[in-house]
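**Q** For the record, the sequence lines run as chains C and F. If you count the first sequence from 1, you need to add 116 to reach the numbering used here. If you count the second sequence from 1, you need to add 662 to reach the numbering used here.
By construction, these hints were calculated from the structure, which means they are not laboratory data. Since the structure is predicted, the reported quantities are computational estimates derived from the model, not experimental observations. Please note that the accuracy of each hint is not assured.
[Claimed, not checked] Calculated Cβ distances over 12 Å to all of chain C for the following chain F residues: (1) A672; (2) R678; (3) V700; (4) Q710; (5) F718; (6) S719; (7) G790; (8) M796; (9) G814; (10) P892; (11) R897; (12) S905.
[As the list claims (entries may be wrong)] A partial selection of chain C residues facing chain F, derived with a Cβ cut-off under 10 Å: (13) T122; (14) L140; (15) R143; (16) F189; (17) Q205; (18) F206.
Glycine included, C-beta positions come from ideal geometry on N, C-alpha and C.
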Amino acid sequence: MTRDKTDFWVGLFVLLGVLALVFLALRAGNMSTFSFAPTYQVHAHFDNLGGLKVRAPVKSSGVVVGRVADIGFDNERYQAVVTFDLEKQFSFPKDTSASILTSGLLGEQYIGLTPGGDDKPLEQGNEITFTQSAVVLEELISKFLYSSADKQGDASSAPAN
Amino acid sequence: MTAPIKAISALGSRVRRDITGLGSSMRLFCALLARSGVALRRPGLVSQQVHFIGNFSLLIIAVSGLFVGFVLGLQGYYTLTRYGSEEALGLLVALSLTRELGPVITALLFAGRAGTSLTAEIGLMKAGEQLAAMEVMAVDPIRRVLVPRFWGGVIAMPVLAAVFSMVGVLGGWIVGVLLIGIDPGVFWSQMQNGVDVIDDVLNGVIKSLVFGVAVTFIALHAGWTAKATPEGVSRATTKTVVSGSLVVLGLDFVLTALMFG
Numbered sequence: 117m118t119r120d121k122t123d124f125w126v127g128l129f130v131l132l133g134v135l136a137l138v139f140l141a142l143r144a145g146n147m148s149t150f151s152f153a154p155t156y157q158v159h160a161h162f163d164n165l166g167g168l169k170v171r172a173p174v175k176s177s178g179v180v181v182g183r184v185a186d187i188g189f190d191n192e193r194y195q196a197v198v199t200f201d202l203e204k205q206f207s208f209p210k211d212t213s214a215s216i217l218t219s220g221l222l223g224e225q226y227i228g229l230t231p232g233g234d235d236k237p238l239e240q241g242n243e244i245t246f247t248q249s250a251v252v253l254e255e256l257i258s259k260f261l262y263s264s265a266d267k268q269g270d271a272s273s274a275p276a277n
Numbered sequence: 663m664t665a666p667i668k669a670i671s672a673l674g675s676r677v678r679r680d681i682t683g684l685g686s687s688m689r690l691f692c693a694l695l696a697r698s699g700v701a702l703r704r705p706g707l708v709s710q711q712v713h714f715i716g717n718f719s720l721l722i723i724a725v726s727g728l729f730v731g732f733v734l735g736l737q738g739y740y741t742l743t744r745y746g747s748e749e750a751l752g753l754l755v756a757l758s759l760t761r762e763l764g765p766v767i768t769a770l771l772f773a774g775r776a777g778t779s780l781t782a783e784i785g786l787m788k789a790g791e792q793l794a795a796m797e798v799m800a801v802d803p804i805r806r807v808l809v810p811r812f813w814g815g816v817i818a819m820p821v822l823a824a825v826f827s828m829v830g831v832l833g834g835w836i837v838g839v840l841l842i843g844i845d846p847g848v849f850w851s852q853m854q855n856g857v858d859v860i861d862d863v864l865n866g867v868i869k870s871l872v873f874g875v876a877v878t879f880i881a882l883h884a885g886w887t888a889k890a891t892p893e894g895v896s897r898a899t900t901k902t903v904v905s906g907s908l909v910v911l912g913l914d915f916v917l918t919a920l921m922f923g
């Protein structure tokens, strides 16, 4: 086989490899969710993050408007600090509230933003003060168990009075 | 009295021989890297080897990938449907392929398909005294024979692993979406939510690159050190498959512990 023909087939082979990688990155991987739109950063304190991870989506009304950039711990307030990038094209009132929600019953966690009524918009470096922590299943169950035990206690002690 | 002493001295000489073998193979590896400049000066030699090692392995790799994808789809569906989460099938198939199966199975097949032919070729060159003849003509056989084959293998291996993973994902899609009837939107979106480009895809490529270096070098070393007899060549070919596969599996454990541990 001539040199030229070999080179052609090798080129085709390498091209196929590149195509396969592009397929894995874009179709199977999360490359297509990388956004290069200009963003601004805001942060918020939460009592409990649950299973929130870096690069988790930030949604408002179900639409992705940004991503979690960093998760840290504030040692003065003993609370978690979440920093997230919001896309510049979306602006929110200053008293917007953030809550950690779960998609589906066992799905991954995301931050939901509920706009407030303030005239001033959130800007770079602002803090979202109204936050709601993740729901921890164990706490819910223990609350439910205690409240049902209380009710039973009331019911059994009621006739005695 | 003499029997135990003989056994001990035999054990000692065996250990010594193995360590010496490791040392001389590292020396060959360094010699190979030091002479790698020829790969840049004469890329034609490397491209010839990529064609021989890569293009000719493409069919077996693609077909194997397709069937591994099929089986992953069927077995994954069977397990996931017990927990009522068959939507996660795409994620299961893609993660298994990009993180583990793609690089590892490709490397095992690569050792069997390309590694053996490299070993046999070099072993026969040695048996036919072609390597000695090159040296007489002042042509460095490491530079002319080993270096292009080494880089050919190192280039071909990640490409083959990527093709394997891609075809496998498509195989999982064929079984999951076309045959079983999982919703295609859920199949792909679960996959995209769970597979990270850097953590999963890039680490898989790094793994396949490491396996490419290891398998190609083992094949070349086995051929280079083969006894110049028909039996020696056949032993060297066996050694390529056996130690190549073992090294790949061992390295995979180490790399997985480092990357995902």
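**Q** Each hint: holds or not?
**A** Taking the hints in turn, this is what the structure says about them:
1. Its beta-carbon lying about 48 Å from the closest one in chain C, A672(F) satisfies the requirement of being farther than 12 Å from that chain.
2. The beta carbon of R678(F) is kept farther than 12 Å from every beta carbon of chain C, the shortest such distance being approximately 43 Å.
3. Under the 12 Å C-beta cut-off, the non-interface status given to V700(F) relative to chain C holds; the minimum distance is some 17 Å.
4. The non-interface label for Q710(F) is inconsistent with chain C: the shortest C-beta to C-beta separation is roughly 6 Å, within 12 Å.
5. Once the 12 Å rule is applied to beta carbons, F718(F) is inconsistent with being away from chain C; the minimum gap is 10 Å.
6. Listed as outside the interface, S719(F) is inconsistent with that label: its C-beta sits roughly 10 Å from the nearest C-beta of chain C, within the 12 Å cut-off.
7. Look at G790(F): its CB is around 23 Å from the nearest CB on chain C, clear of 12 Å, so calling it non-interface holds up.
8. Distance to chain C confirms M796(F) as a non-interface residue, since its nearest Cβ pair spans about 21 Å, more than 12 Å.
9. With a minimum CB-CB distance of about 9 Å to chain C, G814(F) fails to clear the 12 Å threshold, and the non-interface call is violated.
10. Listed as a non-interface residue, P892(F) keeps its Cβ farther than 12 Å from every Cβ of chain C; the least gap is roughly 29 Å.
11. Every CB of chain C is more than 12 Å from the CB of R897(F) (nearest about 32 Å), matching its label as outside the interface.
12. Consistency note on S905(F): stated as away from chain C, and its beta-carbon is indeed over 12 Å from all of that chain's, at 26 Å minimum.
13. Because the closest C-beta pair between T122(C) and chain F is about 5 Å apart, less than 10 Å, the hint holds.
14. With a least beta-carbon distance of about 5 Å to chain F, the hint placing L140(C) at the interface is held under the 10 Å criterion.
15. Taking 10 Å as the C-beta cut-off, the interface hint given for R143(C) holds, the closest approach to chain F being about 7 Å.
16. Checking F189(C) against chain F by beta carbon gives a least distance of about 23 Å; that is not within 10 Å, so the hint is violated.
17. Hint status for Q205(C): violated, given a least beta-carbon distance of 23 Å to chain F, over 10 Å.
18. Evaluation of the F206(C) hint against chain F yields a violated restraint, the C-beta minimum of about 21 Å exceeding 10 Å.
Figure legend: structure checked against the earlier numbered hints; hints not met, in rising order: 4, 5, 6, 9, 16, 17 and 18.
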